[in-house]
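Trainee: Residue numbers (this note's numbering), protein chains in the order written: chain A, -7 to 569; chain B, 84 to 461.
Please note: incorrect hints may appear among the correct ones.
[What the hints assert, rightly or not] Listed next, the stretches of chain B that the computed footprint assigns to chain A, with coverage defined by at least 3 CB atoms under 8 Å from CB atoms of chain A:
1) 128 to 137
2) 169 to 182
3) 310 to 320
[To be verified] Chain B is faced by these chain A residues, among others (derived, beta-carbon under 8 Å):
4) Y0
5) K1
6) P49
7) G55
8) C497
9) C500
10) G506
11) T532
12) A534
If you're looking for bench data, these hints aren't it; they were derived computationally from the structure. Remember, it's a predicted structure, so these values are computed and weren't measured experimentally. Built from N, CA and C at the ideal position, the CB exists for glycine as well.
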Amino acid sequence: MTNKKIVYKPVDHEIAELAHHHGGTQEATLEVLKDLGAKNKLNPVTITEAARALHIPAHEAYGMATFYSMLSLEERKKVLRVCDGPVCWLKRATADGGRQTVVDEWSSMVNGQWSVERSSCLGLCDRAPAVLVEDEQAGPVSPKDAKKVCEGWRGVPTEYSKPRKGEVRVMTSLIGKVDPDEIDSALEHGLYDGLKKALQSDPTTVLAEVESSGLQGRGGAGFPVGRKWRFVASEKRTPRYIVCNADESEPLIFKDRVLMETNPHQLLEGIVIAGYACGASEAWIYIRGEYEHQARRLERAIDQAKAKNLLGKNILGSGFSFDIHVHRGAGAYICGEETALLESLEGKRGEPRLRPPYPPTSGFRGQPTAVNNVESFCAVPHILKNGAEWWKSISTYSVPGTKMYMVLGHVNHPGLFEAPFGLTLRQIIDDFGGGMIKGSKFKFALCGGAAGTIVDEKLLDIPIDFASSQKGISLGAGSFLVCDESVSPVAFLRELLHFFAVESCGKCTPCRVGTWRSLEILNRMASGKGQQGDVEELTTLASLMHDSSFCGLGQSVPIPMKSVLTHFEAEFKKAEN
Amino acid sequence: MINLKINGQPIQAEPGKTILQVTKEHGIHVPTLCYHKDLNPTGNCRMCVVEVKGGRFLSAACVTPIWEGMEIQTQSEKVTKDRKLTLELMLANHPQDCITCDVSGECELQDLAYEYKAAAPAWGSKGTRYPVDSDPNPFIRVDMNRCILCRRCVSACAEIQVRDVWGVAKRGFDEVIVPGAGTTMLEARCESCGQCVAYCPTGALSNKMNYGKARAHQMTKVTTTCSYCGVGCQFDLLVKNEKVIGVQSNPNAPVNGMALCVKGRYGYDYIHHPERLKKPKVRRYLLEGKKKPRDDGQWTMDNGQSSTVNGLWDWVETEWDVALEITAKKFAQIRNDFGADSMGFLTSAKCTNEENYLMNKLARQVVGTNNIDHCARL
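Between the sequences and the hints, there should be enough to build the whole structure, so can you do that?
Mentor: In structure tokens, the structure reads:
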């Protein structure tokens, strides 16, 4: 028998207030934890209190606080996050991966008011090497710029208002023309025309139009958007939800950031049309926590759209009501996986769910939900405005429409461009990327994203689309990191595995231990301490992760592993000794 | 009914079932680790992967629903190889201390390693990552080094005991099971029921009271019914050298399954307590039919003098019949002298429903009073 008297204590006033401010339910957990973290007040006591205020078990709040990389239980000053994604790594070209070196360099250069941390790819690959100064994006900047950066200098953003030669601009057509912070400017440039047109016809017509356009999802898998919406629309249960996946956390990918930054209303318009077609009532834009600037721009755009009755109750007198919310992540690549994203949105650890059921049947809050990528939504207004036939007529290639491409690495003009499908890697490098930089020779490219294929020059002339991965070159989310002969494929693969090992959620054994062990092997191979049998073990681990992992993260880690081991077997063998 | 093929054998099964349910029904062995029939399947550990024809990946049998025309291989080379590798990855991150481990012999990880001839890889044994015996809970011994992150403890605590003590913290290779917000178990609302221990497939969670006392093959199990209350939970007493050294859940217990409360699971030390009453005891003066001594232990003799009488006040072991006889006579005497309502009966939650009913009969019909109450009403 305990002799301790159990006394009921009400929840700490400040935390109760905070919880109430963010909605008071489990879905507010991440926001509450972030606010506590910003005040350096994240510790077991406050986390337990926050959990009480939100009516969830303490372990759930603690599990989240230790899951998301932007949260920390350690006391921090102002935080400066240094990107150690593969593109920034290439720019820094340090022998050991440079993770600790570059953090130390920054630490020594900034004054004592800053805490410097490493971060997985910040999505600023066109501004590499990049850092995140509190919540402000900066790049290209190096440790020698530290003083300026602390004083407010943020480097020079890449300019996209002028199209490259050969570009076909649809989603990017208004970059530099439209003022992203003014809805009047958006309306002048014909934004929301697609929505107005859609609202004049019935949802089934809108759905049929999107279906017949053949629009494929732009997140990487290429699932037909119209078919997904049809699944949601045909569910009898309401409410139905739309979720926009703007958790662009994969190294090499930054197209969604540019789309949201340059033309937020285009995205909102696409989401509202999706809502109308699916019979949904609300939407959430799940944006990665590192994109604070873009999140604020979206919130401003939402407010303006509401003021113009393009959002909210009875939109333009059509009887259709719809709302969009912005939800910020807090640093977790896995939340780009749609079911992990939904878990995160519900205020849980971002761990993937069992499938089936798939989100169109049981998604956010267990309701029918359409989850699509930013770029997919951005294409929709144009399809509605100009018609599915026009979308199909943009190119002669078998996959209709345009795609955002990113070309990075050792090319003369790295950056973002829009073009039809079916480009070859050679075209991407020579026609759009301005060719290899002077004095360098192509060695390999990482195609798609971090979980894409690594190809050598044999695959330079294969037209790339969602199906070309069968031929060994993937489109993924459309990014291409081009490396010249100075780059060791062993060290490069180590960078990728470092990313996956850091970002694995830990739920299933093959991915949790497999990524970690692969990194261990690659660390020693890249530093000249490889051992006999290393290549074989990497191959075995890759097969295991592919076959047995729980979700797409673990299943796709082997894609770069296997492809680079195939194309550069000799170099890996050499690194064994 | 759904038609499917498992290892080439045509099978009919009800729709809505998982592959694992069907294989179990048909006696086809599929190894599991994070799966437990009492808990919601999570598909974490990937031990139960099987090959489904047409699938790009292997499927976890515990969470994959069956469909018409499904063709499943449960023992193909690919499947067996992957299971073995997954086990090796778990073992690499698990201390190689089976030789001194308490649960050796009833450890599911050990059994699977044996089945698949999986040993810890040479690169394993990364040293002790967590403090051994890390929690001050008086009953539950925590050694997270042995944890393979199957999360059965988390599910058991949430789904069976509904206390939500255990949770998952951090991510990737650093992932670890913690109580509450990284506190101690008791601070995280633990009521020490030990459900987490019962469901832990390894030695990560074990019992403090019998730690190091015996291994599975050195004990005999005696199924018994808990004597603490009327629920009628069953469990196995663990017996070594004629001594009860512990309590273990018996999954076949009809009333409670694996569930037990802190008293049933850990309140067994009274069994071999030197002061435990095993037979009725009666004061010597009653047994010998003498007069009652005074409270000060003295006895007033017939001549009015006080005298110390050795032993008349002592408790003496006797037979049930004798003790009951004396009690009955005393009851009768009290009733005759002071009336039935001078007596009251208080029964106990440790008695069964039937015993409580009989007590009620004794009070009302034999003695003739309505003065009866029960501890559970207080």
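Trainee: Hints first: check each against the structure and report whether it holds.
Mentor: Hint check:
no., hint, verdict
1, 128 to 137, "holds (count 3)"
2, 169 to 182, "holds (count 5)"
3, 310 to 320, "violated (count 0)"
4, Y0, "13 Å, violated"
5, K1, "14 Å, violated"
6, P49, "3 Å, holds"
7, G55, "5 Å, holds"
8, C497, "5 Å, holds"
9, C500, "5 Å, holds"
10, G506, "6 Å, holds"
11, T532, "7 Å, holds"
12, A534, "11 Å, violated"
In summary, the structure is inconsistent with hints 3, 4, 5 and 12 from the numbered list given earlier, while agreeing with the others.
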